[in-house]
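Undergrad: Listed here are the chains, written in short residue letters.
Protein chains: 2
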Amino acid sequence: MPEHFADRLIAACSTKGAPVCVGLDPVYGKLPQAVACEDPAAAIEAFSLKVIEAVADYVPAVKPQMACYERYGAAGYAVFERVVAHAKEAGLIVVTDGKRGDIGTSSDHYAAGLLSGHAAGDSLTVNGYLGTDGIQPFIDTATARGAGLFVLVRTSNPGGDAIQSCKLEDGRSVAQMVADHVNQAGKSHVGKSGYSLLGAVVGATKPEDAADLRERMPEQVFLVPGFGAQGGTADDVKACFKPDGTGALITSSRGVIYAGSGSDQPWTQAVANAAQQLRDDVASILA
Amino acid sequence: MPEHFADRLIAACSTKGAPVCVGLDPVYGKLPQAVACEDPAAAIEAFSLKVIEAVADYVPAVKPQMACYERYGAAGYAVFERVVAHAKEAGLIVVTDGKRGDIGTSSDHYAAGLLSGHAAGDSLTVNGYLGTDGIQPFIDTATARGAGLFVLVRTSNPGGDAIQSCKLEDGRSVAQMVADHVNQAGKSHVGKSGYSLLGAVVGATKPEDAADLRERMPEQVFLVPGFGAQGGTADDVKACFKPDGTGALITSSRGVIYAGSGSDQPWTQAVANAAQQLRDDVASILA
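Just so you know, the protein sequences line up as chains A and B, in that order.
Residues are numbered in this note's numbering as their position in the first sequence, beginning at 1, plus a constant of 7.
Residues are numbered in this note's numbering as their position in the second sequence, beginning at 1, plus a constant of 7.
Same shape as in the complex, but just chain A (with noise of 0.2 Å):
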């Protein structure tokens, strides 16, 4: 059996000194000029390589966001499949981001794409709208290949709300629900560590869900976006982690991989700075 995805998850966090994470959301408009070339999804590339080669000593994860990929079709695509490679190599968990989910055969072929195929990160954000049964081919393919899962409970755009904090007529909110199955999927598959391969989105801009949704899924680790640039702080995190520190997955995609903008210092000096600083600043919190 390959090793559990939340032991070896918990494990690099130690390692590098905190539970971060840099997003990689490469945006042709916004790249440094020393990567710029006519071909966007060859600047992409430039830029995501050196992002991950500048934070790789800091970090233990990273997150490819596959829209920002995806955008130049099929070069883009595969410009995705090296930058996950080249994640690995440097040492880095990847977290890929697609939010993917489907019936069940579908959510089977994108299991057997991005978990185990030539695109295989270590773990995958997913969609739960469609259950339980939408969610299992993921969770077989993740168990067999010691990979793992974020499924979005609670994310940290302003209109989730709209969705996500629906009342139930049992009390819960639509994200509380979501919450719990995610709690009774995960629960057979938890590591040494006393997590779950089975994880949770849970956006830093909403402290006040935080703590309700660490109590009700224990053994799952928080993937926290939305930390710096979409406006989540220091404080509003604290409640996404157990007493014990560990739990929880911190994002920082734009105020890490921008960082060379407007500096005066080489563009990725700037990016490995910024990277030092989220893991310093997130080790302080838990400190």
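Check before you lean on any hint, since a few could be wrong.
Each pair may be met inside one copy or between any two copies, as identical chains are not told apart.
Claimed, not checked - Cut-off 25 Å, straight-line C-alpha distance, at most; resulting in silico cross-link-like pairs (SDA-like, lysine to any residue):
#, residue 1, residue 2
1, Lys37, Thr22
2, Lys174, Asn190
3, Lys194, Gly166
4, Lys37, Lys57
5, Lys194, Ala49
6, Lys245, Ser200
7, Lys95, Ala151
8, Lys199, Ala19
If you are wondering where the hints come from, they were derived from the structure by calculation, not from laboratory data.
With chain A's structure known, arrange chain B on it following the hints.
TA: Frame of chain A, contents of chain B only:
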């Protein structure tokens, strides 16, 4: 301005004789001997292109399932692009079944790739769990390109109930609440036909819900998967239509594309016959 998606779709359904759609869900292990080869991506390409040619005279639309192509990474994604292009050249309306959805900036990237970029179909299925600001970029791009969208409201898989049937404190189910959001978001994007570019996915295996959803979403075209192999019958889909026979697009996948299995006919002839039968079956329901 490009022609409105719903107007184009309804005209195409009228021309072909019924509002039906063939789902392209090619699975390597199920392909006819005639297209078998050692490269799975090449095999599903050959199969998909021949299915398109076989059904193009009988149906107005095809629905490629992205998961089946993404299973094979960038090579599969390139196949998907060629399948979309081939279907458009054959005069078919392409419903890309990608079930994408993210926060606004990432949804914008998906919309750029799948509605106006390298792999642009005529429409895309979208997951609305992230709320209306996650859907708006798709609407903006679709408006500019004469494209359409189908938001997941009620899916045809058994496990969808666990999320979508939950009752809110105001008495609506989660699916009904999502339906009301979709209807509201689509109101300013209605074409001459009376239908919005923003449609809804409503599974054929939930007839008890269909009539209610039809009332809640008078401007939405329903994309109805699950006819045939997933268990949906003719009676199940009736409630998805308005009395004038418009308002739904009935999809069958396995029942058409694998019709050659066990048949004495050449497999492409069996597929063509099954597409014709699908058209005639749905036309007779509406007669």
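Undergrad: Please go over all the hints and tell whether each is borne out by the structure.
TA: A quick look at each hint next to the structure:
no., hint, verdict
1, Lys37 - Thr22, "neither (32 Å within a copy, 46 Å between copies)"
2, Lys174 - Asn190, "both (19 Å within a copy, 20 Å between copies)"
3, Lys194 - Gly166, "between (30 Å within a copy, 18 Å between copies)"
4, Lys37 - Lys57, "within (15 Å within a copy, 42 Å between copies)"
5, Lys194 - Ala49, "neither (42 Å within a copy, 40 Å between copies)"
6, Lys245 - Ser200, "within (20 Å within a copy, 52 Å between copies)"
7, Lys95 - Ala151, "within (18 Å within a copy, 39 Å between copies)"
8, Lys199 - Ala19, "within (14 Å within a copy, 57 Å between copies)"
Hints 1, 5 from the earlier list are contradicted by this structure; the remaining hints agree with it.
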